[in-house]
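> If you want the building blocks of each chain, they are given just below.
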Amino acid sequence: MQEYRKISITKDEIVPTAERMRKAGVILAMIHGYVMDDGRINISYEYQIDDRIESYTIEGENVLPTISHIYDEAAAWPERELNELIDVTFEGLDTSKRLFMPDNMLDGQGQIFVTPMDELIEKVHGKKKEE
Amino acid sequence: MGYIVPIGPYHPSLEEPVHARLYTEGEMIKDAEIFIGYNHRGIEKLAMQKNIIQTMVLVERVCGICSHSHALTFAMACESISGIKVPKRGQYIRAIIAELERLHSHYLWLGIALHIIGHDSLFMHSWDDREIVMDALEELTGNRVNYGMVTYGGSRRDISKEQAENVLAMLDKLEESNKRLADFLLNDKTVALRTQGVGVLTTEDAIRIGAIGPHARASNVPVDVRIDAPYCCYDEFDFQKAVWPSGDVFARVVVRVLENFESIKIIRQALDSLPAGKINMGNKVPTIKPGEYMNRHEAPRGQLSYKVVTNGTDKVARVSIHVPTFKNAPTVPTMLRNNSVADAGLIIASIDPCFSCMDR
Numbered sequence: 000m001q002e003y004r005k006i007s008i009t010k011d012e013i014v015p016t017a018e019r020m021r022k023a024g025v026i027l028a029m030i031h032g033y034v035m036d037d038g039r040i041n042i043s044y045e046y047q048i049d050d051r052i053e054s055y056t057i058e059g060e061n062v063l064p065t066i067s068h069i070y071d072e073a074a075a076w077p078e079r080e081l082n083e084l085i086d087v088t089f090e091g092l093d094t095s096k097r098l099f100m101p102d103n104m105l106d107g108q109g110q111i112f113v114t115p116m117d118e119l120i121e122k123v124h125g126k127k128k129e130e
Numbered sequence: 000m001g002y003i004v005p006i007g008p009y010h011p012s013l014e015e016p017v018h019a020r021l022y023t024e025g026e027m028i029k030d031a032e033i034f035i036g037y038n039h040r041g042i043e044k045l046a047m048q049k050n051i052i053q054t055m056v057l058v059e060r061v062c063g064i065c066s067h068s069h070a071l072t073f074a075m076a077c078e079s080i081s082g083i084k085v086p087k088r089g090q091y092i093r094a095i096i097a098e099l100e101r102l103h104s105h106y107l108w109l110g111i112a113l114h115i116i117g118h119d120s121l122f123m124h125s126w127d128d129r130e131i132v133m134d135a136l137e138e139l140t141g142n143r144v145n146y147g148m149v150t151y152g153g154s155r156r157d158i159s160k161e162q163a164e165n166v167l168a169m170l171d172k173l174e175e176s177n178k179r180l181a182d183f184l185l186n187d188k189t190v191a192l193r194t195q196g197v198g199v200l201t202t203e204d205a206i207r208i209g210a211i212g213p214h215a216r217a218s219n220v221p222v223d224v225r226i227d228a229p230y231c232c233y234d235e236f237d238f239q240k241a242v243w244p245s246g247d248v249f250a251r252v253v254v255r256v257l258e259n260f261e262s263i264k265i266i267r268q269a270l271d272s273l274p275a276g277k278i279n280m281g282n283k284v285p286t287i288k289p290g291e292y293m294n295r296h297e298a299p300r301g302q303l304s305y306k307v308v309t310n311g312t313d314k315v316a317r318v319s320i321h322v323p324t325f326k327n328a329p330t331v332p333t334m335l336r337n338n339s340v341a342d343a344g345l346i347i348a349s350i351d352p353c354f355s356c357m358d359r
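Chains A and B are the protein sequences, given in the same order.
Heads up: the first sequence begins at 0 in numbering that gives the first Met the number 0, then just goes up one per residue.
Heads up: the second sequence begins at 0 in numbering that gives the first Met the number 0, then just goes up one per residue.
Listed below are the simulated DSS-like cross-link pairs for lysine-lysine, each with C-alpha atoms no more than 25 Å apart in a straight line:
{"no.": "1", "chain 1": "B", "residue 1": "K188", "chain 2": "B", "residue 2": "K178"}
{"no.": "2", "chain 1": "B", "residue 1": "K87", "chain 2": "B", "residue 2": "K288"}
{"no.": "3", "chain 1": "B", "residue 1": "K178", "chain 2": "B", "residue 2": "K240"}
{"no.": "4", "chain 1": "B", "residue 1": "K240", "chain 2": "B", "residue 2": "K87"}
{"no.": "5", "chain 1": "B", "residue 1": "K314", "chain 2": "B", "residue 2": "K49"}
{"no.": "6", "chain 1": "B", "residue 1": "K172", "chain 2": "B", "residue 2": "K160"}
{"no.": "7", "chain 1": "B", "residue 1": "K84", "chain 2": "A", "residue 2": "K5"}
{"no.": "8", "chain 1": "A", "residue 1": "K5", "chain 2": "B", "residue 2": "K314"}
{"no.": "9", "chain 1": "A", "residue 1": "K5", "chain 2": "B", "residue 2": "K288"}
{"no.": "10", "chain 1": "B", "residue 1": "K277", "chain 2": "B", "residue 2": "K84"}
{"no.": "11", "chain 1": "A", "residue 1": "K5", "chain 2": "B", "residue 2": "K44"}
{"no.": "12", "chain 1": "B", "residue 1": "K277", "chain 2": "B", "residue 2": "K288"}
{"no.": "13", "chain 1": "B", "residue 1": "K29", "chain 2": "A", "residue 2": "K96"}
{"no.": "14", "chain 1": "B", "residue 1": "K84", "chain 2": "B", "residue 2": "K288"}
{"no.": "15", "chain 1": "A", "residue 1": "K96", "chain 2": "B", "residue 2": "K44"}
{"no.": "16", "chain 1": "B", "residue 1": "K49", "chain 2": "B", "residue 2": "K288"}
{"no.": "17", "chain 1": "A", "residue 1": "K22", "chain 2": "A", "residue 2": "K10"}
{"no.": "18", "chain 1": "B", "residue 1": "K44", "chain 2": "B", "residue 2": "K288"}
These aren't lab readings, by the way, just hints derived from the structure by calculation.
So that you can see chain B by itself, here it is in the shape it has in the complex (with noise of 0.2 Å):
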């Protein structure tokens, strides 16, 4: 005989509002629905209020973790209907944040994905290395969340000498830690027990629905804005695509780890390099034409889509935000078929969701 087995919408092992249906026969998932929606703030229609300058600071507020990349996307959208050339140490300064916010992202759900499985030193372990990435955070921005770096046509605020080369000291200081917690990740028989074979997402789904960002790419399906259509002059660094075979979740645990170390190679060519010149227009304001556009970002949880249409008025007449979790978010129940209950928690953890990102 099946019981259904309701997790959520509020439930110890999530760290967000979602509601998932279990549809269990003894210990055994044989299906599952998910249900959305408890975190609607209507963030869509509000921006169709407000005013372009006042939007830019709107959407960076839909999420406290990828805030960056909501603005940068937005900006980009709306940079792209104006025809406005974005200065190159700008668009460095822009990647530059961009890498650091994957890196904390990446971190915070490494953390909870351990603290899950019960390896809380691990957790710890993890946590304590992104307090490295939020002082740098905190260096070039001055703030831990909400970094207000993306303006219209360029970043708000230039990087000095002394800032980079702190972060680069920090950089150092964070490689050599995360070389050890991927070897713990990699080597530790509890983690292995735990997610090795659980909640596997094969290539074929993930391609089905639509998979994208580190999910798809730890089901083998390598997908990564910045390589494939790329912007912010991501074409002039190097590093590769984080891509691994297995499609459970110990891949999703192995995909974000390697990234660590591609972020990391990023921010050092970056800061390195970074051009001489301005960041921004200056105090021109800038003119939004009217049109529409799309751009896309490979935000921490993968690829985020800014749709804006605008008429000609200081307001826009639509932004259409697609954010990962909205796309990975419906691989959940193919994912839980066939797994036990107790690993129910994890197996939704394991997208790295962000319920405030998908209800916008």
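Chain A extracted, bound-state conformation (with noise of 0.2 Å):
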């Protein structure tokens, strides 16, 4: 089984956990995030250490510093999408062109996931699924 491991940091732990993943060639598998069943955001930016992921994990922050300036596309373009999905902002990020989102629909930022599937279509389509 592979190895997985949760540590959970602040929001001034971000950058300064990302440098030092940096320079030690570590590869930023991917940054997560979800809302929590108490309505709180869950982000985590799981890194790639030999055979192990170590999973560095925020809750209840909308509100995080970016590391594209650190990792480039391959955090730029996890944190645009993040920003799309849910209601979290990363400051310093440039977020002027829609990710997957057309430039049409809704206001693009922090939709997707907490819009309801109803509301969604009907956004979409212009009418209320039928049943």
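Fit the two chains together into the complex; they arrive one by one in their own frames, and the hints show the way.
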């Protein structure tokens, strides 16, 4: 079984952790985010260290610093994706262009996961899904 | 004076929708941008509405080419959360299908690349070989796409002795054919002229942008999850990472041809030493405990990562899918710089993109 280790960090530790990992030549496998049952946001930075994954997790923060200046597009694309999916902002990230969402759909940020399915369908197709 | 040349989202040289904007001076590309999202189907959102059995069926349909990879990685993450141990025979069968899928994906890409450079006879040769692989997949799974071979706790179908013998015979034929294809590709003047020195991605850039899979290995970055973090008994098979140093389109061709030999080697070993015993948990319904886990699989195009979060209900709280093209596509602008507009289609295709996977 591939090893997975979860480590809780604070918002201030995101950039120093990314710098340390980058210096050590560690690959950033994924930035993952979701809305927990209590409504708070969970963001985790998954670093691939040899045969294991170290998951640095932050809970309950809606504004985080970007690490795209450290990991280039390897961080910028996942950050842009999360910005469209959930209500999270990455300070310093260029979000002037959409990644997945069409330019004319919704307002472009934090919409896909938090908007109820029926409402999304209505906004895309202009009517409610027929039963 | 420079021009902006738009390619796509729908263009004859692209197999799937993506938009590239080329900033040119004369025939040369000075800079480029890439825009994605034309195939976004909201699969991650949809997965949160389905129960865990339905989600397995759903994720297998993220992509038609690497469908087994998606189902396998999702199942591995769920099994890791719940501590489910897959029987060894089940793991061997999973690895066999994964390698057949890699073969079929590599032959498919080789054919497309050869078609783009205008070498249609080699394109047909490559796709002819791919048919052998498709026949083998059909023999073992009953399907040519969406094999449905993965279930929680193992594999859905067993491999009989007769099926194993048939596939081994197919592999003998395929290996001979792959040798001939490798000989053509490595020595053909047309292939060399159109691919050598084209779309170079240096080792430094590959690491900086985070390229993975065969695309990274063609830039001399030796990453391969099958060896770096073994799963599905890959540590029991004798095979090597295919790495090539030149970082151009030619290197991407070479790496895939070499990987075909390695995949044939793995399947042969797995079929020859297929362990006896169960292939799955039988009729036992799996209990998915609350938790989270991230698992990785070396899909045909590179590392596929699934992070699954469960909350103790029959639904998943979140499935995060990070596919190889999502990692490799950002390298395209770097590769396009200082190449001619005529090579743009080939360079975009050289990462073996799957926009269906990437957009999800």
